[in-house]
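Novice: Chain by chain, the residues run as shown.
There are 2 protein chains.
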Amino acid sequence: MSKGLPKRSENYSEWYNELVKRADLAEHSAVKGCMVIKPYGYAIWEKMQRALDDMFKATGHQNAYFPLFVPKSFLEKEEEHAEGFAKECAVVTHYRLKKNPDGAGLIVDPDAKLEEELIVRPTSEAVIWNTYKGWIQSWRDLPLLINQWANVVRWEMRTRLFLRTTEFLWQEGHTAHATSEEAIEETERMLGVYATFAEEWMALPVLKGLKSANERFAGAIETYCIEALMQDGKALQSGTSHFLGQNFAKSFDVKFVNKDNQPEYAWATSWGVSTRLMGALIMAHSDDNGLVLPPRLAPVQTVIVPIYRSEEDLAVISERINPIVERLKSLGVSVKYDADDKYKPGYKFAEYELRGVPVRLAIGMRDLENGTVEVARRDTLSKETIALDGIEEKIVALLDEIQANIYQKALAFREANTFQIDSWDEFKVQIEKGGFIEAHWDGTSETEERIKAETKATIRLIPLETNQESGTCVYSGAPSKQRVVFARSY
Amino acid sequence: MSKGLPKRSENYSEWYNELVKRADLAEHSAVKGCMVIKPYGYAIWEKMQRALDDMFKATGHQNAYFPLFVPKSFLEKEEEHAEGFAKECAVVTHYRLKKNPDGAGLIVDPDAKLEEELIVRPTSEAVIWNTYKGWIQSWRDLPLLINQWANVVRWEMRTRLFLRTTEFLWQEGHTAHATSEEAIEETERMLGVYATFAEEWMALPVLKGLKSANERFAGAIETYCIEALMQDGKALQSGTSHFLGQNFAKSFDVKFVNKDNQPEYAWATSWGVSTRLMGALIMAHSDDNGLVLPPRLAPVQTVIVPIYRSEEDLAVISERINPIVERLKSLGVSVKYDADDKYKPGYKFAEYELRGVPVRLAIGMRDLENGTVEVARRDTLSKETIALDGIEEKIVALLDEIQANIYQKALAFREANTFQIDSWDEFKVQIEKGGFIEAHWDGTSETEERIKAETKATIRLIPLETNQESGTCVYSGAPSKQRVVFARSY
Chain B
0 MSKGLPKRSE
10 NYSEWYNELV
20 KRADLAEHSA
30 VKGCMVIKPY
40 GYAIWEKMQR
50 ALDDMFKATG
60 HQNAYFPLFV
70 PKSFLEKEEE
80 HAEGFAKECA
90 VVTHYRLKKN
100 PDGAGLIVDP
110 DAKLEEELIV
120 RPTSEAVIWN
130 TYKGWIQSWR
140 DLPLLINQWA
150 NVVRWEMRTR
160 LFLRTTEFLW
170 QEGHTAHATS
180 EEAIEETERM
190 LGVYATFAEE
200 WMALPVLKGL
210 KSANERFAGA
220 IETYCIEALM
230 QDGKALQSGT
240 SHFLGQNFAK
250 SFDVKFVNKD
260 NQPEYAWATS
270 WGVSTRLMGA
280 LIMAHSDDNG
290 LVLPPRLAPV
300 QTVIVPIYRS
310 EEDLAVISER
320 INPIVERLKS
330 LGVSVKYDAD
340 DKYKPGYKFA
350 EYELRGVPVR
360 LAIGMRDLEN
370 GTVEVARRDT
380 LSKETIALDG
390 IEEKIVALLD
400 EIQANIYQKA
410 LAFREANTFQ
420 IDSWDEFKVQ
430 IEKGGFIEAH
440 WDGTSETEER
450 IKAETKATIR
460 LIPLETNQES
470 GTCVYSGAPS
480 KQRVVFARSY
Chain E
0 MSKGLPKRSE
10 NYSEWYNELV
20 KRADLAEHSA
30 VKGCMVIKPY
40 GYAIWEKMQR
50 ALDDMFKATG
60 HQNAYFPLFV
70 PKSFLEKEEE
80 HAEGFAKECA
90 VVTHYRLKKN
100 PDGAGLIVDP
110 DAKLEEELIV
120 RPTSEAVIWN
130 TYKGWIQSWR
140 DLPLLINQWA
150 NVVRWEMRTR
160 LFLRTTEFLW
170 QEGHTAHATS
180 EEAIEETERM
190 LGVYATFAEE
200 WMALPVLKGL
210 KSANERFAGA
220 IETYCIEALM
230 QDGKALQSGT
240 SHFLGQNFAK
250 SFDVKFVNKD
260 NQPEYAWATS
270 WGVSTRLMGA
280 LIMAHSDDNG
290 LVLPPRLAPV
300 QTVIVPIYRS
310 EEDLAVISER
320 INPIVERLKS
330 LGVSVKYDAD
340 DKYKPGYKFA
350 EYELRGVPVR
360 LAIGMRDLEN
370 GTVEVARRDT
380 LSKETIALDG
390 IEEKIVALLD
400 EIQANIYQKA
410 LAFREANTFQ
420 IDSWDEFKVQ
430 IEKGGFIEAH
440 WDGTSETEER
450 IKAETKATIR
460 LIPLETNQES
470 GTCVYSGAPS
480 KQRVVFARSY
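Residue numbers (this note's numbering), protein chains in the order written: chain B, 0 to 489; chain E, 0 to 489.
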């Protein structure tokens, strides 16, 4: 590290960008809007994938794979869906290059123009529901519970690593059901899976709720979402689950014969989370020294750094440490013993701090004589010298403690930054300071749009579990049935 | 199943196509040349991915992710590489659709034309070596050992499920080294990983060797490959590992300072296997009754079917079977207890046979009384009634035996279909019958091309381990240093 990171309090945005780069998580590629996910960042994403995939399978879903390309005519079939995505579509028009007859290099071969343009999938409802037509005939074929891990492309003019990129990685679940009730139940079940994943793995407390009509997925009847609060007081939508009704079944003519032997359109859901979660993970927990990773998603959970002056000292330390490394591995701890002599301990400490390794042990000859080891926690930046005996079990317990502490810290932050506000003047003041604002809203898109135009705040969600406390709209003064959550957002 | 599969002996190609469809492995999509990988097929691919990924990590590689799009100018930088892929490139020329002003639907927005066209990656050397320029400065940064799991697109006019599709899934390793020797060692190491995977997981014996100049990867100095023999006597290239020399480092100006403090271009390798392996797996082992899966890649390794007339009987059987299911799971066996009453046992048997489940148990009331169970092996289609006591350990041993047997069967088939041929007349006769032909070749591209033109046979590989027995070219009569392997191929 040449110098420290920018401070969150001074320039949050710059702090984020620098942190992503310096911790080797990702970088901008030479391809406009696309990122390179570097090995350390990808290792975290792999851990997220594994945990989510296990949860999807435990709830009865299977993985499959559908084509990258969506014929333009498929996208057009569901009108709202088409309108929603038309402006951000990468379009394949040709299928061949040829040598430039007038000079060097290659040109697009004009003779290889496609009859119908292909869209690089921005999402796969169209191509999947076109396929489901062949898979669904009878109620016996339902429910159809499928997930896909894939890359998608939505053309973006302004991009930020992980948060908004032209290409991103995600999973998209696409299910078909015999009844509306079952489909809604599935939509809510998967929202629950996302919330559990966010809280138990990412240590990220989330609110669950419904989007307003303005913020719904293009083609959905209802969009459910989870929302998290970042340290700068902005909200980040971390996952969505859509009840699609019969819209796609009608557009792609997917009918099944129900138990009464009558043809009926199938009911649909879709749900997804993406590499955007990496952005949420980074922004929710990290500090001015670098990343803070919840142990359950940390590629390296514990690093052990020997402090030594001679090869002989190192050999003595290693002899004591090697069995501890093996024992930690057998306990399921991902551990690294860093005896590399290219770098000094101080450099290593700073590097592991930057990369968010939850627990760092340092051990020198004096420790060895005393039977002790220095244990540093990344989350609190505290150090403690403790007995080496039984260190393995202490580390396992400490990792659990850190996981819980990171969650509690984020929860306390959110609670301290959630405000019930009943006057428009207060609203305007608070929104500048950030946080979630719980306020009454009259339920109209018009009011929602005016609030957005005046303050850049959007309705993040209409809470699912709430006191149905009635009141008057913070903006219009018209009657309101419940508070909704406003914030500025990523 | 409405009726049986076509027979291999009558129409091998039709047998393959029908098998892929009926066993629910994959289907053609409405997008020309692209396939849908169905859940059962994808479950096999996931098992392959997991095993390969573990092997890559055990040999020191890390995963990362690079952009889907390659700017045309990047592709042009390595000339041979560009020429090799130009004819099969899907080209993105626009980034937006808009409402059709003259009618319904969407049109490509002419105002959203890209300044530079983007190619959907056919392979990622160009985009990755452009990135490596920023990652490699010193010998300390080497070796760089990276793998990517991704989709790629190579426009194909004639496609076959798994074997040749416009879009396919694969992994591509891309490594950078300080010396030529290290890079060659890596190329050979990864070839070895592929061979081990093919033999130990896919139960597929493979030959290892070098491609002739004509068959090399576009941009490589040497291409190593593994080749397997299918049941129709055609060869299938199952994986390639390329030594790229300094070609890409020079094209993308990737230099490092070596230990002597001198700037030097980095040495490269790349290596990949794809969903084509699914085709090899299916074609190597399956029979006229359906799929035959090696147990290590079977999504369901053992199915248990209860035979019963009443709910009471089923309850009695289930009470005995449930602990066996649990015990099998704890032994790491993927097991399914199929008590579904929608289908009759006979239908289930045929279905699991079609899907290649390695071991099937059937148990009725009389078995229960006798303390026995009927065990059917998918590989030999044999049945045996054995004691129920200790059945779990017997199944574990049986799965190992089946894995070994499938491999031995494929090996025996290859050995019976490998011929040393020394006369051109015999060559022409044998090639019509299929198999690997070991013959002398004079080493010229001209002879290679003539043989191909006359017989459709190509040099599959120049064996790595071979008696350096000299002789005369089977076609030209010119001197030859060693035999090479010819075959018709997929």
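The hints are simulated quantities; they were obtained by calculation from the structure and are not laboratory data.
Here a beta-carbon is modelled for each residue, glycine too, at the ideal position from N, C-alpha and C.
Honestly, I wouldn't trust all of these hints.
Said to hold, decoys possible - Result set (EDC-like, lysine to aspartate or glutamate): computed pairs, CA atoms no more than 16 Å apart in a straight line:
1. B:97 with E:78
2. B:249 with B:75
3. B:112 with E:155
4. E:132 with B:26
5. E:455 with E:424
As the list claims (entries may be wrong) - Here are some chain B residues pointing at chain E (derived, C-beta under 8 Å):
6. 21
7. 64
8. 96
9. 100
10. 116
11. 158
12. 162
13. 323
14. 324
15. 325
Novice: Any hints this thing doesn't respect? Which numbers, in order?
Specialist: The structure conflicts with hints 6, 9, 11, 12, 13, 14 and 15, although it agrees with all the remaining ones.
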